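2 protein chains.
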Amino acid sequence: MAAPAGNGGPVANGSVDKNVDFANYFCTYAYLYHQKEMLSDRVRMDAYYNAVFKNKHHFVGKVVLDVGTGSGILAVWSAQAGARKVYAVEATKMADHARALIHANSVEDVVQVIEGSMEDVDLPEKVDVIISEWMGYFLLRESMFDSVIWARDRWLKPSGVMYPSHARMWVAPVRSGLGDQKMNDFETSMSDWYSFVNDTEANYGVNMNVLTKAYREEHEKYYLKTSLWNNLHPSQLIGHPAIVKEIDCLAATVDDIRDVSAKFMLPINMERTRLSAFAGWFDVRFRGSIQNPVEQEVELTTAPSIDNSTHWGQQVFLVHPPLRVDERDKLMVALSMSRSKENHRLMDVNLTYELQLSSGKCLKPVATKYYIE
Amino acid sequence: MAAPAGNGGPVANGSVDKNVDFANYFCTYAYLYHQKEMLSDRVRMDAYYNAVFKNKHHFVGKVVLDVGTGSGILAVWSAQAGARKVYAVEATKMADHARALIHANSVEDVVQVIEGSMEDVDLPEKVDVIISEWMGYFLLRESMFDSVIWARDRWLKPSGVMYPSHARMWVAPVRSGLGDQKMNDFETSMSDWYSFVNDTEANYGVNMNVLTKAYREEHEKYYLKTSLWNNLHPSQLIGHPAIVKEIDCLAATVDDIRDVSAKFMLPINMERTRLSAFAGWFDVRFRGSIQNPVEQEVELTTAPSIDNSTHWGQQVFLVHPPLRVDERDKLMVALSMSRSKENHRLMDVNLTYELQLSSGKCLKPVATKYYIE
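Residue numbers (UniProt numbering), protein chains in the order written: chain A, 1 to 373; chain B, 1 to 373.
Hints are not guaranteed to be accurate.
Each pair may be met inside one copy or between any two copies, as identical chains are not told apart.
Stated by the list, open to error - Heads up, simulated DSBU-like pairs for lysine-lysine below, C-alpha to C-alpha not over 30 Å straight-line:
| no. | residue 1 | residue 2 |
| --- | --- | --- |
| 1 | Lys221 | Lys18 |
| 2 | Lys263 | Lys126 |
| 3 | Lys330 | Lys225 |
| 4 | Lys341 | Lys93 |
| 5 | Lys213 | Lys85 |
| 6 | Lys93 | Lys18 |
| 7 | Lys341 | Lys18 |
| 8 | Lys93 | Lys361 |
| 9 | Lys126 | Lys18 |
Derived by calculation from the structure, the hints in this document are not laboratory data. Just so you know, these numbers come straight off a predicted model, no measurement behind them.
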């Protein structure tokens, strides 16, 4: 045998086992290494810092709830901006570190760290602000926004505001060498497999060829159909991005975000090039509410950027084989995304795309299932 | 946020949650990629192949139980060697692939694949042979031998034999550049942390220094105290290995293997060198039983080797700082290994070593806790 340590993975049934979810998901956030990675993301940090300190009127004398406080930084900032009380909820043992950080930064009279799942926590009062950094890859991976919605419905005053207040998912057509590289990896891996089948028959008298189809499927999924993390260069965009989902954080329900489906058109704006992938990313904005707007709006975008890349990067969905496209061609795209049956924090994405040439001719639509793991 | 997918990790309490265990452990074995890695290990494959086919008298007309059949190869061999019936038990969906393999190799009349945990499975009869490849890193990682013991006590006839029949754990003193490299990684990581603390204070008004101690501990554990997988060259051994545990697979109980403790002496047999680590590995032997011995004994060793390295390699426990040693010095070592409280398939190892110089002088003993993850 000899298996690598705890590799996560599917559970037997569709319902959520809290212990399994903890083992698979929350544990990652119990490492300071991972916290440091997020705290070193300048785009992320600047956005939240500016959102709080340029809109102090939302915090001065107010009660704040930080959902998933991690190291506690958003709670410290909320207190420094003048909050009367901050409840900082954290499911992992990181709560101990948050407590230490809050004490070391002299805001322990304002911030109360509560270790527990948001859904299990009891607060002594309703809150004016919910602040949370809940966004996963392509916005919804991790399904953490569910807990923020839960917190909002249970604990936010009717006049309360959400930080961030709005979120959007984007998709764009891109060119990239990643797909060629992954196709090469896939082919090498299949070639290894065929040698292995021959060797096993020759040396040990067992014919493994019956597993070739399953091996191919496993590796196609791994190399070609699982979205890739990448920080794309803006010059890799070969057409305008489209918004595939808009979320009002004050109004959205879990039903609104459980499944995402959108039809949209992506115009190609580059001469004779290759569509080798679709890229997905998100932005969030801090706008307060209509009744209670911010003084200065702040945006956090994870779009391809030269100077402002984030730890989220973009999710890249490879197109095999790449499609020759030209300026004024159009891609008609249908996207649907739902949660993986095996792990509700991962996503299955169906993408169907049809190329309409500038001549008016339409190519046959291509449908591919992708996995955000 | 943005966490990598399912990373396994600790659970809240000490008892074993079967669903968590499945998510953390078994899922790995549901990938053909991982099966191929094991099936490509020639040392492993040759040992089991020879053990079966050079001792056909143990299989001809007999009933065999294969615990954790994986792809099914040991079950196929058992059938090819003449077994009357083979029960091949597998906890993961790999059972489907095993069934296909067994059919493709025309042994479906003999081999019955049963999907389920060994502890939950009901067989229609007792068996003459239990065959299993249950060994993890440093033999006992994964704690899979528990299931083999359970199967033996419940299903093996009194006259039955175990394949393998014996196992041993070994430790040796080694020289290696790995420790310097890891110490360098650790120091780089701490230096990054100090920059991060300064930057966070300067840019965002939050003092993170209170977390420095915890960050250091987390990273010491990761870089310096977690045993490393390595295939050592035999010339890296600087003294004779010692046996720290012997297991008779026919007699051992779970109590016998739950905790391992041993005191032993390691003589240095190389002139002026450095003790930079201890290496741990195992071997297993196929000897049958006293009443029912094999015709030809086979050994599978994972010791450092030039031509016969295995996918298990050796586990390397780093010594910081390295110790200057000389020929005829002796290391007096006490080792104790127990299961991790957070995950019973991982191990905590305490190593205390005291150098006795050839002059008779003794250096102060050093005690270090290591983790096999």
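When Cα atoms must be at most 30 Å apart, do lysine 263 and lysine 126 count as within-copy, between-copy, both, or neither? neither (39 Å within a copy, 61 Å between copies)
**Asked** Using 30 Å as the alpha-carbon threshold, which applies to lysine 213 and lysine 85: within, between, both, or neither?
**Response** So lysine 213 and lysine 85 pass the 30 Å test across copies only (28 Å; inside, 59 Å).
Exercise for the section: Please work out whether the CA atoms of lysine 341 and lysine 18 approach to 30 Å or closer within one copy, between two copies, in both situations, or in neither? Expected result: both (15 Å within a copy, 19 Å between copies)
If the cutoff is 30 Å on CA atoms, where do lysine 126 and lysine 18 land: within, between, both or neither? Let me know, please.
within (26 Å within a copy, 38 Å between copies)
Check lysine 93 against lysine 361 for me: Cα-Cα at most 30 Å, and say if that holds within a copy, between copies, both or neither.
-> neither (58 Å within a copy, 46 Å between copies)
| query | For the identical chains here, do lysine 330 and lysine 225 meet the 30 Å Cα criterion within one copy, between copies, both, or neither? | reply | Within. Shortest intra-copy distance 23 Å satisfies the 30 Å Cα cut-off; inter-copy 56 Å does not.
| task | Can you give me the call for lysine 221 and lysine 18, within, between, both or neither, at a CA distance of at most 30 Å? | result | both (27 Å within a copy, 27 Å between copies)
Checklist entry - How would you label the pair lysine 93, lysine 18 (within, between, both, or neither) given a Cα cut-off of 30 Å? => result The answer is both: 16 Å in one copy and 22 Å across copies each meet 30 Å.
How would you classify lysine 341 and lysine 93 at a CA-CA limit of 30 Å: within, between, both, or neither? Answer is both: 28 Å inside a copy and 16 Å across each meet the 30 Å cutoff.
The structure does not agree with the numbered hints 2 and 8 stated previously, though it agrees with the rest.
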